[in-house]
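Novice: Here are the chains, one letter per residue:
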Amino acid sequence: MEPGTHALVVEHLGKRFGDRVACEDVSFEVGYGEVFGFLGPNGAGKTTTVRTLGTLISPSSGSAIVAGIPLTAANGAAIRERISIMPESPGLYQRLTVAENLRCFAGLYGLDDVPGRIKRALGSVNLWERVDDVCGSLSKGLRQRVALARALLNDPAVLFLDEPTSGLDPVAAHDVHELIVSLRERGVTIFLTTHRLAEAERLCHRVAILSRTLRLVGTPDELRARLFSQALEIQLRAPLSEPDATFARLPAVDGWEASGSGRYALAVSDTRAAAPAVARALVGAGADILSLSESRHSLEDVYLELINEDVEALRR
Amino acid sequence: MKFSFTRVRAIGIKEVTDYRRNRFVMLFTMTLLPLIFITAPSIQLLTAPTAIAGAKLDARIGISLLYLLLIPAIVPSTLAAHSVVGEREQGTLEPILITPIRREEFLVGKALAVLLPTLVVSFAIFGIFLGVAALFAHPGIRTAIFAGSHIPVQLLFTPLLASWSIWVGIAISARSSDVRVAQQLSVLANLPPIAIVALISFNVISTSSILALGLAAVLLALDGLGWRAVAAMFDRERLITGTRS
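Protein sequences, first through last, are from chains H and A. The first sequence begins at 1 in the working numbering and counts up one residue at a time. The second sequence begins at 1 in the working numbering and counts up one residue at a time.
Simulated from the structure, these hints should not be mistaken for laboratory data. Bear in mind the structure is a predicted one, so any value in this text is a computation, not a measurement. Note that CB positions come from ideal geometry on N, CA and C, so glycine has one too. Treat each hint with caution, since some may be false.
What the hints assert, rightly or not - Covered stretches of chain A, going by a simulated chain H footprint (3 or more residues, C-beta under 8 Å):
| hint | segment |
| --- | --- |
| 1 | 7-15 |
| 2 | 18-26 |
| 3 | 94-101 |
| 4 | 152-166 |
Unchecked claim - Computed beta-carbon distance windows for the label pairs:
| hint | chain 1 | residue 1 | chain 2 | residue 2 | range |
| --- | --- | --- | --- | --- | --- |
| 5 | A | 195 | H | 12 | 23 to 29 Å |
| 6 | H | 115 | A | 24 | 55 to 61 Å |
| 7 | H | 115 | A | 59 | 25 to 31 Å |
What the hints assert, rightly or not - Here are a few chain A residues that sit away from chain H, every Cβ distance over 12 Å (derived from the structure):
| hint | residue |
| --- | --- |
| 8 | 91 |
| 9 | 123 |
| 10 | 143 |
| 11 | 220 |
The shape of chain H in the complex, shown without the other chains (with noise of 0.2 Å):
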C-alpha cells in the first residue's frame, strides 16, 4: 500500500454491531481527485463504511489510510482534521445564522482566515447572498447547500458525501449535482454514497457496489462489461429475407435474435469492430438500416443484475 498515491486505501474493513454485519471484506482505492460512487440497497453498509473511514465508529476488522494517515483510533483527530463528511441530514443549528454555523465549524476546525474561508465556502455553492439568514428558515436544498459549504471550509483531502441528494427535489438535486460537478473540475476527492444510479453514472469516475460485501469496483462501463455481453441494435425499414445468411457471414458477430418486426440484436465481442462490417453486410443483403447502435445498459441494470443475484440467494 502506497499512503500517498491514494487518497483512500481501504483493505477487508469490515464492521459488526453485536451479531448482526453491517459489511465486511470491504476493499478499495481511491486516488486524489477521483470522485468515487458508493451504491447499495438500504442497510448495505453504505454509512457505516463511511462513518468507519470518518473516524466515528472503529472498524471491527481490516484497515485503512485515510488521506494519507492509517486509520487507528490514536489518529482520530488527525484524520478528521483532513477530510470533511457531510452526513445525509445537514443537521445546522436553525436558530444561527448561515455565518454563525460556517463560524462555528472554522472555530472547531481551528482555520485561520474565518471570513475569508466563509466567503468561499458559500461562494462555491452559489449562498454568499444568504449568508446572514437564519437556517431554520432556509428550504430543505439550501440547508443542504449550506452543509455543503460546511464541509467545504477545511479545504478538504477527502470530502465524503452521504447521500446528499436525499429527500430533494428534482430542482434541488440538480443544483447539488452540479456543484458536485464543479468539485470534481477542480479537483476535489469526492466519495459520495447514493441510491440515484444515474446521478452516480453523471458524476463518478468509478463506483463501487456495496451489498454488505463489495460486489463490484469500476467504471460505469467496466461494470457493464463484466456483467453483460456487448450488443448492437438495429432496426431496419423491412425484416431481413435471409437474416441467419446475413449474420453468420460475419466473424465479429457471436449470435443474434429478432425482437420484432426489422429489430435485431446481435451479440457480438467489440462493437467498434463489429459495427461497420454489420452496416456492410445488411446494405450488401439490400437493407434499408433506420438506426444501427451499441446497446448500451444503463448503471441501473447492472445494479438490479448485482442486487437481484443477492435476493435470488438469500431466497435459495
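We have chain H; now place chain A onto it with these hints.
Specialist: Relative to the frame of chain H, chain A by itself:
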C-alpha cells in the same frame, strides 16, 4: 493533539448564541425561575420580626440563602441535560463529532456555556437580594447578613454547586436517548447536595468554617472527577449509532 481553547470557544459561543435566541431559555430558565427563587427569601427577610436574634435569626437568613443556592443547582441542570442528547435529537451531533474536536474540549465548551450564564444570573440575583437587605431590612438583620459568613459561603458554593449540577446533567445527557428524561433525571440528581445545604440551613447539621470548607473541598473534588467521568462516558460510537463500541 493538544487541548484547544479555540475549539472550546467555538462550542461555547455557539451555545450561548443559541440560548440567547431560545425564548424558553431566556424567559423561563434564566429569568422567571431565578425571580421565583428570590421572591421567597426577600419575603423571609422583610417579614422577619425586629426582635428576632441569635439562632432564630441565623436560621431565617439560612433559609433565605438556601433559596438562592437553588438557582445554581436547578438552573443549569436543565440546560446541561439538553447538551448532548439535545444535539443528538436535532441531528447536529454527528457534524460536530466529524470535526477534530476532542471529547474533553466538547464537554468543557458545553459546561462553560452553561456555567457562565448561570453564575451571571446567580450572582445578579444574590446582588439584588443584598441590595434589598441593605435598603429595606431591619438593621439587626442587615448586620447579620453582611457581617456573618453568609456572603463568602454563598460566593464559594454558587460555582461549586453549579459545576456539580452541570457535570451531572451532561453525564445524564450523554447516556440518555430522550431530552425530557435527561432533564428530569438531572433535577433529581441535584437533590443530594441541596439536601445537605438544607440540613445546614435548618441547623440539623451545625455549621462551622471547617465543615463549610470540607464540603466545598468535597464538591470541588467531585467537580474535578465529574469532568473526567463524563469524558470517559462520552463514547462517539454509541452516541452516533446507539451501540457500544
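Novice: Give me the numbers of the hints this structure contradicts, sorted from smallest to largest.
Specialist: 4, 5, 6, 7, 8
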